[in-house]
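So you can see what is in the structure, the chains are spelled out below.
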Amino acid sequence: MKGIQEQMRARARELLAQGAVQMVIGWEKGTFWYLSPPAFVTDPEDCDRLVWDEFCTNNLAKYLLDYKHTGDRIALFVKGCDARGIVRLLQDNQIDREKVYLIGIKCPGVKDGRQAAALGEARRGEVPLAEKCRYCTHPEPVLYDELLAGDAAAREAAPGEGRFAEVAKVEAMSPDERYAFWTAAYDRCLRCYACRNVCPACNCRECIFDRSQSGWCGKQMQRSENMFFAITRAMHVAGRCIECGECERVCPEGIPIMALNKKIIKDLNELFGEYEAGVDLEKMPPLGQYKLDDPEEFH
Amino acid sequence: MQRVLQYMGLEPERFQARWVSGSEGPRFAETITRLTEDIRALGPNRKLRDGA
Amino acid sequence: MLKIIRDKLPELLTAWARGARVLVPRERGGTRVFLPWEGEGELALGQGNTLEPPKDLFFPRTETMYRYQVQGKDASLAEEPAADARQVLVGVRSCDAKSLAIMDDAFLTKGYVDEFYRQRRENTRVIALACTEASPTCFCTAFGIDPGRAEGVDVQMWPVEGGYLLEAVTEAGQELLRQAGDLLAEEGDAQPPAAAVPPLQVDVSGVTEKLQRMFEHPYWTAVSRKCLGCGACTYLCPTCYCFDIQGENQGDSGYKFRCWDSCMFSEYTRMAGGHNPRPSKKERLRNRFLHKLQYFPERYGKFACVGCGRCLDRCPVNVDITRVIREVKEVTL
Amino acid sequence: MAEAARVNPLVPQVGRITRIIDETPDVKTFHVTTEAGKPFTPMPGQLAMLSLLDVGEAMFSITSQGLEHLELAIKKVGMLTDALHEAEPGQAVGIRGPYGNGFPVEELKGKDLLFIGGGIGLAPVRSLINYCIEHRQDYGHLWIIYGARSPADLCFKDDLFKNWPQVENCRVDVTVDKGDAEWKGHEGFVPAFVEELHPDPAGKVAITCGPPIMIKFVLQSMEKLGYKDEQIITTLEMRMKCGIGKCGRCNLGSCYVCLDGPVFTLAQLKQLPNEY
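Residue numbers (my numbering), protein chains in the order written: chain A, 150 to 448; chain B, 5 to 56; chain C, 45 to 377; chain D, 1201 to 1476.
Looking at chain A on its own, in the form it has when it is part of the complex (with noise of 0.2 Å):
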């Protein structure tokens, strides 16, 4: 993959020496070698800290939120995932189409840090794929304004049967083996919000889960608000998850999120026909509009 950290390196120089952006937001390596985290560079001298390997996990989109308000335009590297949730932030009138410059990356699916922690350097070539990336439908970027031309083609887009294939085992639990599931996963929860600040369908300027005043939600680390927080969050993000995975990825606890917003995603597109967030900017999600010949069911 050599060929586009190369050709990465090169763009993101040009453009910070030309001005054309002020900052770039790529990957570079982190302490281990399976870890590589966002990097954001502003001189065009420093540009030799990108990199691109099967550990570039991070889903970028979210950054955007922190420069905002500031004059600043940002060149960000996107994989499938991360276009998706740029399309997100954009239909949410979050940012501003003209001072995002995209350069899209055709993602062969990034790899488990923790698997290959487990494995150890030596067997690297037997990583798996991230669960995330498993059953992605979009790996080439559905948004850009410049594709890096990559050695490494795009892998297939992966097949849709198995997409829903853990929410298919939850559904066929009886009733209480999926209140033991969920509440024995949710007891775990933490409450750090990493899930809520990783995603790009979250953000909201003020969040309830940031306003213990409000008296919606305590601040107690327990079963009732802990699943308070879980079903809030799925809901709110109803038809907006760009099914990236990064939640599911970045909570400490291992708690199996994404098992939970497909299934939303799954039975919108039971009751509103398919629709996928963050592919196409035109099309907006079935629960940000409304038509008179909605379904009753989903409230």
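The hints are simulated quantities; they were obtained by calculation from the structure and are not laboratory data.
You may find that some hints are simply not true.
As the list claims (entries may be wrong) - Calculated pairs, DSS-like style, for lysine-lysine (alpha carbon to alpha carbon, straight line, at most 25 Å):
#  : chain 1 : residue 1 : chain 2 : residue 2
1  : D       : 1470      : C       : 254
2  : C       : 326       : A       : 178
3  : D       : 1311      : D       : 1404
4  : A       : 217       : C       : 326
5  : D       : 1378      : D       : 1276
6  : B       : 51        : A       : 318
7  : C       : 326       : D       : 1416
8  : C       : 373       : D       : 1470
9  : C       : 346       : C       : 254
10 : D       : 1378      : D       : 1362
11 : A       : 432       : A       : 255
As the list claims (entries may be wrong) - From the structure, some residues in chain B lie toward chain A, with a derived Cβ separation under 7 Å:
#  : residue
12 : 7
13 : 11
14 : 12
15 : 13
16 : 51
17 : 52
18 : 54
Cβ atoms here follow ideal geometry from the backbone N, Cα and C, with glycine treated the same way.
Given chain A's structure and the hints, the job is docking chains B, C and D onto it.
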């Protein structure tokens, strides 16, 4: 929402949403009556209780 | 030195569980945490540290302080009964053992004693387990911690072929070993195994002094850019002890509780009038690092980090305190 | 309870509001007492955690005290203070304290004192003024310079216009940002007014409290007038929860405002991170 509650192993009937306009008094009363009847039939909620 | 064979350890835990709640690393939802021992099941004493530190056992995530009744203009309150249940905490690593000394400073000194913490702390016996293998994220030795022998514990354990060596450190520890009866056998000449060597080497000397001169440095802007502002690092940290106090109303009555809080959250310092002295993630992240590496050392004479590596392991964006320490030392002023 | 002898510092006493005084449209002074009398005896500048048990708890400065009660002047800014402003005498409250260091009353002995307050910022300063009046022989000249946005926003009008001017060797100067038809006094901002009055720094210590922006400019004015950092004392405000230096949020560097403050000299503040 009902589907999500069901998915989490909760009784979906505990949450109901209906469109009722400000001018539809009787419909509102009827909706609430039906809701209370439904809930009464279910009995007290034992799930998501803290420290129980 | 006394030895217990591996298969007998559950029996020993069960013996201790007769007079106390025994907590030991076990598997839950794919991760390892300290869970009560109820006589059966698997232990997870190997493979390095638990996901969550044991601080929850002294300073619970959520804890009711008192209940109240309000009727019209009248009100009354009743304190919650003291947490006087005895606990035995088994399998604590040297880093987490050191974190208890740090928490003690925060909760028990400087004019006020936190009663909730004190009661739990005094009612808990701690049995340490030496590390013979380090995780990639470990750096406890940077803070003078010996992974092979913990400080301030009642019993020290070492993993050896076929079982564990045990040595009582305190009077209470001796009592615990007496309770073991013939589960323990004397191993006269047994030597503790070599301690693990943490792979991350960090030199913390001079970092406090350097940070004292770096409050306004642009470094904090650069290092905070990728931070998501979540509280994962603080909640998984064995030495982060910030809390909030809130109430829950239920009609005429309710309760006041305290719960963990995180300096990474915007609400943490926001005042009633709206002013926030730490308005963005830059100020909040800076405060977190300065608290660990400058403010706590200034106030209590020790770092508020034990090198357990949990923040480094679970941070979604690889904010790495060892890297911050190195970079801070390299910054030119 | 076996440990009943220990007092848990996080659990309040239940007391009552015995009197409520309207100071301004958004400031009221509350007298609080318990069945056993005064909840505790604070030093000037110390703080109390006051709560309506079913609403919330917050830290307030104690503006004065009597033999049987504490006085807290409270501005309406959020949920708890809104509810307090709705309360009537007799209302039960929770109260715990006293917290913080208070003013250095011993070190100030024998000095001339200049008090500069703005808006609700007079509340903490008033505890020291009243203390100095009670111990009149221990302190030199007292000079109070106070301002508010409008005549209606002036707190403690009885003290400003009746009580304090009658005290021996005490001067009171009042300004408002903007007067009204009846206002005959000075108009203008506090910092400019201080410069106009140019109190001589010799032998003086200045104690100032007000909105952050006022403090900022007052400090500049004091510097112009030749005051040294050691001669200036201020009292800070921060979000607080525990009040006992544990919960973390009110730190300024390694100091906790609830425990090591809220009173600091400017010299001390300059040693601390500028984060308030």
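Checked hints:
1. Straight-line distance between C-alpha atoms of residue 1470 (chain D) and residue 254 (chain C) comes to about 18 Å, which keeps the hinted pair within the 25 Å bound.
2. A hinted pair counts as satisfied when its Cα atoms are at most 25 Å apart, and residue 326 (chain C) with residue 178 (chain A) qualifies at roughly 22 Å.
3. The suggested pairing of residue 1311 (chain D) with residue 1404 (chain D) holds, with an alpha-carbon distance near 6 Å, which does not exceed 25 Å.
4. Restraint check for residue 217 (chain A) and residue 326 (chain C): the C-alpha separation of about 16 Å stays at or below 25 Å, so the hint holds.
5. A hinted pair counts as satisfied when its Cα atoms are at most 25 Å apart, and residue 1378 (chain D) with residue 1276 (chain D) qualifies at roughly 21 Å.
6. With a C-alpha separation of about 22 Å, the suggested pair residue 51 (chain B) and residue 318 (chain A) falls inside the 25 Å cut-off, and the hint holds.
7. For a cut-off of 25 Å, the pair hint linking residue 326 (chain C) to residue 1416 (chain D) stands: about 23 Å separates their Cα positions.
8. The suggested pairing of residue 373 (chain C) with residue 1470 (chain D) holds, with an alpha-carbon distance near 24 Å, which does not exceed 25 Å.
9. This hinted pair checks out: residue 346 (chain C) and residue 254 (chain C) have alpha carbons roughly 16 Å apart, not beyond 25 Å.
10. Restraint check: the Cα-Cα separation between residue 1378 (chain D) and residue 1362 (chain D) comes to about 22 Å, which is no more than 25 Å; the hinted pair holds.
11. Proximity of residue 432 (chain A) to residue 255 (chain A) is assessed by CA-CA distance (about 23 Å); at most 25 Å being required, the pair is judged to hold.
12. Below 7 Å, beta-carbon pairs count as interface contacts, and residue 7 (chain B) has one with chain A at about 5 Å; its hint therefore holds.
13. At about 5 Å, the closest approach between the beta carbon of residue 11 (chain B) and any beta carbon in chain A falls short of 7 Å, and the interface hint on this residue holds.
14. Annotation: residue 12 (chain B) was flagged as interfacial toward chain A, and the flag holds, the nearest CB pair being 5 Å apart, inside 7 Å.
15. Interface restraint check: residue 13 (chain B) against chain A, minimum CB-CB distance 3 Å, threshold 7 Å, status holds.
16. With a cut of 7 Å, the hint placing residue 51 (chain B) at the interface with chain A holds, because the nearest CB-to-CB distance is about 6 Å.
17. Residue-level restraint check for residue 52 (chain B) holds (minimum Cβ-Cβ distance to chain A is 5 Å; threshold 7 Å).
18. Hint status for residue 54 (chain B) relative to chain A: holds, with the closest Cβ pair at about 5 Å, below 7 Å.
When the structure is compared with the earlier hints, no violation turns up for any of them.
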